[in-house]
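With the hints in hand, could you dock these two chains into one complex?
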Amino acid sequence: MSESTQSNNPPAHQSEDRFPEASQVSHRKLRQTIVDLFDAAEVRLLCSDLGVIYDDLGGPDTGISARVDTLILHVNRRQRLRVLLTMLREARPALTWDQIQIDENDPDALPTVVAPRIAQPDDNTPDTLLASQGFTALISLLRRPETREAIVRFQNDFQAASSRIDLMNDLKLAHDLFQELENRYFLIENDRKRLPGDDLAWDSLALNEPELGAKIDDLLSLVRQAVFAEEAKLWAEQLRKVQEMMRTAVEQSNPDQLNSATRRLYRIINRQPSRLNAQLITTAKALRLPNLETAVTTITASFNQSDLAESELVTQIKQGSAALSGIDARLRRLTTEHDAWQAIDDELRRVETSLDSGLEELDEAWLDLEPMTRSLLDAQTETWAADLQTVLAALTQAIDDAVIVTARRLFRRFRSQSGRRFRQVDLELLSLCHDLQKVGESLDLLLRTVK
Amino acid sequence: MSTPDILLPESETNPYLSLVSVRDTHRELLQRRRQDDQENDEAFYTAVIQFMQRAQASGIYLDNDSDRWAVQNLIDYWENQLFHANRTPPAETLLAEFNPKTEPKLPDDLCPYVGLGAFQPADGPRFFGREELIAHLLQEIQNRSLIAVLGPSGSGKSSIVLAGLLPRLQQGALPDSQNWRIYPVLVPGSAPLAHLAQMLGPSTAAHGDWLIDNLEELRQNPHHLTNLVNAANNTTAVLVIDQFEELFTLCQDENERQAFLDNLRYLAETAVPHRHIVIFTMRTDYESQLSKHPAFQAAAQESLTRVTAMNAGELRSAIEKPAEAIGLKFEDGLVDTLIREILGEPAALPLLQFALLQLWENRERSRITWEAYRHIGGVMAALENTAEALYTSMIPEDQITTRRLMLRLVQPGQGLEVTRNRVRRRTLYQTGEAQDRVDRVLDKLAQAQLVHLSAGASPEDDQIEVAHEALVRNWLRLVDWLDEERIHLRQRHRLTTQAEHWADNDKNSDLLLRGPALIEAQQFSDFNALEQAYIDASLEEKLRAEREKEKIRQRERRFSLTLGVFAVIAIVGVLFLFRANLETSTAQATANAAQIDALSSALTAQAISASSTRDSAIANATSTVAVSTATAQAGAIETSQAQSEIRLTEDARATSQAIWATSTYQAEVIATVTAEAATAVAQATPTRSGGLIRPTATPDMGQLLGDLQQGALLGAFFRERDNMPMVYVTGSTFLMGALPDDPDKRDNEMPLHKVTVSDFYLDAYEVSVQQFAAFLNDIGGYKNNCGNGRYDCAATGFETSFTMLLNNVGVFEAKAGFGSYPINWVTWYGAQDYCRWTGSRLPTEAEWEYAVRAIDNRIYPWGSAPPDNTLALFNVNPRTVDFFKALQPVDAFPAGIGPFNTFNPAGSMWEWVEDWYAPNYLAAPTDGAAFLEDVTGQKVIRGGGWTSAAGDLRTARRIGLPPAFNDVENSLLYWGVGFRCARTITP
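If you're matching them up, the sequences are chains U and X in order. Heads up: the first sequence begins at 1 in our numbering, then just goes up one per residue. Heads up: the second sequence begins at 1001 in our numbering, then just goes up one per residue.
Bound-form chain X, shown alone (with noise of 0.2 Å):
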């Protein structure tokens, strides 16, 4: 017999797969025998000759002693049959011998495992393990009518009611069982009676009005549901309700619950004209919600089960009888050590029936094997890491919507407890998410089987779950993120409460909000008249405060800033001269050198009169920078303007620091920053007119931002190892994080926070392929050769083709005409070797927020245009365009370039920054220093991709990545994942 790849599923002349299934016929057989007198029934004898016939071909795939054995008699024992009844065998009874080569391929409809969801009726066949369970609530059925079943949740306790209990009352385990009307299965939600309706009403056009008639019934007569089932039945009627802990979760209206629970009651003690049987289950948690409706209470103690964890024979049940039917075999000691990681866990059926479908898909034709159980990480975190598994291959985009439907449908609870929500498709598509990113996003979790997707009439109709509570247990990141989520809504609380106390105090401005409280009040947008209220009156008073501050600073500083204004004035001109000389000829340089040298005298006799000041180190420096800067531009004129590397002495980066010294701090919050630094530019901004500096009238923060953005060309320089140009960052105080009224806002950019940032350098460009593969070369190879051996420094064209970066065995080079393209799927380890080597380091978080932001709080690095594709590489969908057309070179878009003259600081490739991830500020540093903590194993990149989305260019957009990947095909989001280079000033 050839090899069969692919098993087609049993026919009449396929070989059994298993003893089971040679077992199930053999008993179909012997039924049939019994039914009626077979002896002169041919087709009977022909069924029995095809059976020996198959189960004599089965022993290919059967390697096992015993199974061999057992098969063996049973094909004697039919064998005796036929010659009893004087018919002749087939020739051949000797079960075929076993061949390892022709043990079948499984096909994966066989699956006999559910993963996270609960059995259903339809896998009563594949159900084992609760045997004596089943066999107690069948007694209990007997003697009440009223059925609860309790239980933790993943003890199983639906499994058991609805592939345990309700296929055996179908087949008649009790008297006339089988001719009960067993209704659909029930789960409350939000609406029980509106559902039970549902449920009982009629399939007719007239269905409508029928359900509003009777759900109004419903709510006013607790008879009813018993008169509905009475007058549709006769006979016995089951009803079961399944998780029913939603009737005190997801029901809000106590007096749905409440006529919901009694008609369940009055159905459950009608005796006449037939009696009448409620089952339902429910999570052990919530036990004491019954103790608020007693009657209901008091009748379902009496019929209370629990379920228990099982037992080690009962685990084995489960685990091997569905196997042992589809000949699905386990290597030697697997199911032991399976038992022995889930023995006495109530809770951890949902664990094991996840990674016995991880064991099955990764399978070996009909074997599970210890290679697959390593591969999925054991029982307890098989399910953890294949929720992680997903989430680290999704590009950044679809992480965070996974973020966001995940809280959509698992929300935290005042305490410790966690509410599932049944979400229609519709619901998730109008939380502003795209639509065909959601749906992406929900295929690959119903995929990996983390959510449930029960189909509605119209796809927008479908209801999505998630697919069990184990996966809030046991998923540390959805844990983290209700934490934070549990966090939002303490805060949420605590506003409230506050606002409501300071009404209740006669609005007394002592409890107003302040500092961190209000930063934080403000991340909240859907506030009540009171909390408005309050809002606003904390802010008018905290104004209030600043303002008197503000004055008394003013008095202090007049007579200083006075002076600093014109040393500014006079150095900001020498500057703007020596760049404009750089562009002029020689021979006005000279002429310019010669005013300069006049100017710097007149500044170094101001400066030495402003030496008692606060601003005398400013003046000092002032004046010794226009000396030296005079002397550095005619040694720089004297050079080609064509020269690598502009330098600016240690006094010129002094001097630009003097510059915006006076308006740092005054950068507070949004509001006084234009205030403040409109006003000291208007003293100390230089103007062009007539060549010469000038102050302007008026306050102008466009100019403000205009001089920033020139002083990072002046201060700019190109670095020696790799001739990045590095542009001159002018430190400041700023706001980091969303703004409160930013749409796009999401939770790790908040709470919003003053950040005070050092002045740096910083790569105007992404580091190229070209520069990446000079930098592998030098260093001798990326495989483990980043992050002191232990990373791969990024991925290369050995392991994906949505690279730039060659690798010809070991030597390292851009692929044709990309070599000025930006590298990508580089790891953190990678980029900060790499930074390193150039005598760098990576921007901080704050570092590189403050670069494509400044003052103005800009949502984009160009301002506030929405982006196009005049201003980023954006919204690329890599599988309808190539990856070699899509990208461009890294210092392409010059009209999306950020303040400080950065290129590409949005789109093109992430950037990684120095910074773990975290997922909110709470804790950030507000020095510009980087966050250090790992506490989700995760380091931030920013920027946004040349996949990304418009929302995620913005300044504030933050994602967290594992800094390393561990295997390229599961790394996707890597593709689109760069970086650039800081470097520190130093005195």
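Pulled out of the complex, with its shape left as it was, chain U reads as follows (with noise of 0.2 Å):
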């Protein structure tokens, strides 16, 4: 490794340059150059700056080139392209943008990592982005002493909100794909149940088995290189057992073994995403924008003074510090929802399974789901609300009235309608976990660059 790469003070111009946008790196450009310019060994060193886990880009018998094409995919879509970026220049400082931008011949760009498309999109200008731009700023103030050595005081509040708004990510995609994957299961077991009677059955289950497969794999990719990739080490074998059961059960048309897979698949579903909830509201709570908020405002309290108060920078500045706090307030609303349509979930699941049995368990569990719902719906004037009020009513008169085939198909409307919802702000929780990416991506590199 050259010198270079362990100095603290990284040359001026370089903080001054401009970093290109995912859509402006050729991936095939990026891959070559890193090929070219790192071995082995120093590849293994990036990816452990990175927080990526080396052997997991690949086999034993991938070679080099493939596992960087990997690190690249991967640090696209966790939004951290700039950090990589800033640890190939910081290493080989000859590097230029020129380098790895698309040009006429090499037009394929990185891939886009869109947000979650919501039902209702944020400002014209999103709060995260104004962070982002601030933290950016940030770093254009690194020269001045005093900003360096405010946000050297403040190292540690950064440090963590990154890494918390990593982990937010990890987790809500890991839901996300959690989501995806029960809709698979859902087709899965819909063909489970025509059998043995249907053998058409098998035929659906053809089709279906891969897609679900596809899905696990999804999962696991993402699982491999997440934060909390030790903790899911043990579902996350699980599944992949699940995922070698339902080919083979499917395969060999074996209805026992797709019934012991599937049932093993929904226990999975079934536990984790509400783990992965209770996680990630965990997280959200431990991220305390407040804190960065303050920091930066009291970094910025002493430009108020100096020539570079009335600067767009810290203008910059002050308007991603404004931003911090309305996005707190929308992630707190946000995942106070998603815990509350989560526990409501967990609630639901619970009687969806004794169903078939009587409403014994519904009875006993509307108790805590009516007053549940009704929370949530109380303040809400939406059409969405409106309708889960009516089934609400209808239900609840249904389980007083002890109609049995009523209040059955009265609670599976119930369950849709509020799983719709659930749905909604679990976009909309995705979005915002995807937005804050921009703000950790810029957190990474200030830390990088006071480092």
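Heads up, a few of these hints could be off.
[As the list claims (entries may be wrong)] Negatives, chain U to chain X, calculated, CB over 10 Å: (1) PRO196; (2) ARG275; (3) GLU364; (4) ARG409.
[To be verified] Partial list, derived from the structure: chain X residues whose beta carbon lies under 8 Å from chain U: (5) ARG1027; (6) LEU1030; (7) ARG1032; (8) GLN1035; (9) PHE1083; (10) HIS1084.
Because the hints were derived from the structure by calculation, they are not lab data. In this text, a Cβ means the ideal position worked out from N, Cα and C, and glycines have one as well.
Next up, the structure:
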């Protein structure tokens, strides 16, 4: 490794360079540049600095080129491309952005990580973008010793926030993938229920099983490089086994094995999203964005009396600081609602498995479910809330009257409608986590620059 | 995990036994979480973790896929909750694998079913299937205060109220109902006001005075109940009266009944300061009784709820849910079968509950099996089978006691109705039964759930009642007993009516009782003055008529009788001499023979002159006998005295008949038997004065009987096949059955009736083990080898230790030293086949009774002295005395022989006779033949056994017993059953 990689004082001009956006970076050129400029040991070191496990980038026979390719995609998906580029520049100061940008001969940019589409888009200029820009502006002011000193003072807060944003994003992505996995599971379960009477179910299973398998692959792939990879090892292994069982069951048309596989899969789906949610909530609470806001406000206080007071950079920093409050409020709202819907979902799942044998469990659960749902709906005036209120009232009546058939039907309608709202909140939170990654990336850059 | 043979009650660490148990704890946790904010309650989360661990472990007991899935989901649910609360769940949350070897053996005290009894309030958690009806009743209570729940017996109305409605009220199903005062359930009994006062009264020392004062007040003041309840409660009170029909069946005091109803009605009408609720359950068949109390009826009609038969879903709940709660499982299809059996039967719930209880008792570990179902015989037959199995397993004494007890607990009315009584144990002791026997029988009945015992202040105060009326409808033996009792009551009622009719018609003698009607009337003892006068007048009239008739008879036969007496004297003298000669030297015999020759020549001459009379046949026979007897005597003398077979020629038998022909018809009734027989004997009975026979001066019954006994010996012979001595029983007419004044008389010994038996031979001894072993060896086995190969002949040492008959791999022999002991544990078929094997038959019941009773109506075979240990073997307690030490050889107790020299006719072994058992003698033959109509499935045994009480040794005593046992272990009665054979005398 060159000496420059160990330097804590990067050249001033580098900080002033504008990082290319992911859409401007050629996937092929970046991979080739890294392969050309770094040997395997250095790539392993890069991975370590990025929190990526080198060995998980491929199998024992995977070459360095393929591993680097995987690393780039992983970093890009986690919106940490600029961090990677910074590290590359630190290690190889001769590296220029021109080397890796797309051109006419090489138009294939890195895939853009698209935020989840949500029903209610945020403001024109999202708070997360403002916050990200604010931290990036701070990087530009690092040359000032008092600024540097102030940032170093808050280094731990920034580091912790970055890590938590990273973890939140991983958790939410996994949660989201579980949601998609459950959708695939339902297709498989519907096919399973047609057996053994309907042989055509096997044809349908032959189509649906690979889809399920692919979704499990996505989840496993995510988990391998997730911050919580170690904790997830157990269920990831279970998921892998289920995938194998499911494949064999369908290939061999073995209903018993199919039953066993679907039960196991359901059990994972039944437990893990709830766990991920619990971790997400805990992480969100620990994020403490107001602390970050305080830190930035403290840092910018020193600018007020300086020549920079009115500069564009300081304005960006202040806007970014102010945006953190908005992000925090939104995060709180979404995590609270997400948590509430998750709790409702847990209850609904519990009831659903016992519904065929009577209303007793629903009867008991409804004592909790009804107030839980009502508290979520009371403040809402939107159509979905009104619709759900209607079903809620009807279901309450059916349970009181002990009309089993009606209660079952309304329960399923309630489950469907509440599930839709849960999904909506899910996506909003996913979107926020995605956007927060920008903030995290800026924080990582800032910290790396400080180092 | 090791196999838990006996699972302890669920503790904090044991696995749950069932999904229901898991769900129960799960719900408790939900409720606990709901009550307070448990976020930071470590105890709550510790409980959650504990629940998860137990639920996880319960997988070893759960084999049903859907149950496992449900439990797994509950575990996962709580795991999620722990994560959400940032707690660490247990390491293992995957349900343990089911292991059939670890399936728990459910302990008996977990029994989820109640049997015949009604569900009680404490049974609420296991009472299912009546949710709709209970909801309806709750609604009724909101609007009404007098709630009537009516249904057929066995429809479950008591259970609905006690185990369904009351617990829900206590749980607050209606506003504030959890704070209502619910009084203990009241059953009216014969003194409803007293019971009411008892229930309301204080439990203090002054209770007695309080009771007296308030009981009177309740009688006088219809508002008094309301006042008492208002004074004692600051809230709504609930009064439940179960078995309301007792107000009409047991309470005989119309004023008390009315006062009770008025008090209830006013209580239910009370609105201030609180309204009170009166709920009563009553059988539909007594609904019409309410019409006699229009005010109460009108109030009750407003909120009358009728209990209908449960539908299939309700029945399924009633069967499955209590089982699920403890992890009891049914084999596939079994519940469906149970439901099919009783679906639509409005009164079958007790049968279902009883069958479920039986199934539970025959379960395998935690599973109700088809085998158990087959064993109990299905829902509809389980009760009957259980009751019958218990009854037939009892020793005869206990069977009798059972009948008596049951007829105290349920009594037939004039019509088809039956009244249930609650009786104190003390009262049952007063029936004359031995207390220990009463206790023993009650224990057995209670153990089989046929009767219900409510503990009293002391054991004597225990209240006893039949567990349910279903027993009355479904135990056919009890139905028979009740029918007999009903007939008895009708006869009694008829006597009263006839006596009144007689009195109303100036005591017209044409209206007096005669013939069977008079005999029937003499069975009763509790006559009033008019009835007693009627009976006395009837008897007087009868005697008068008989005296008239006899005078005519005597005139007609005076001449022939004179001739006959001479003939008799001669023949008896010959026979006496013959017997004496057996005991004297050959030289003496030769001398006597010369005398006989001379005497027989004279008799022959006399007989010729008597040929034109009605007794000429006797005279002819006598002369022939005289000659041939003398000849035979000479032959006998030539042979050894120790010869094994003594034969009397047919002529000698005819002679013996002739001796008694003159007296048989005189034995029509007790009074005339003595007089007539004595008269005849006075002229015909020989004495031994001077070695020759001379008439005595006065009639003597003792001597008459002595000669019967002598005749038995004279006619005796050793049977060829088994060397059994058979005595000659001279036939006669006698009165069969219990005498009216017999304090120990039983219903089945009545009516007393006249029977004429012909002469017959009867074994002097009960058949011995050695003899029976020889029979079995000859026919080649005992298993399914008697009764045309359909029945076992007896039990051997293979099956029971209470026998002396050894079975050495198909070779039968007596236990060493016991060859001459009586065979026991023999079936009727075994006895019959044995007798046939010897060219004999079983005696008829009439023959048997005559052989022990003769013509003097003796109480015991030896006379009137009560039994003691010199007379018979009886009253042995098999639990304390060794069987082999208790029994005696067949020739033991010479002091206790019968009038015809039969040994051990009472005690030792009960003895099979030919007859099928009937519960009385109404249809019994009067010619000495056997009763051959199978109306009970039982044959008669007579004479009492080694374990019998003294009363069972009476000559009139009889009981019925199935002719063969099904399985030895449950047929202990047969340990005291043997037999002897008879042989018809053919001309």
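| field | Unsatisfied constraints (hint numbers, rising) | value | Result: hints 2, 3, 7, 8 break, sorted rising.
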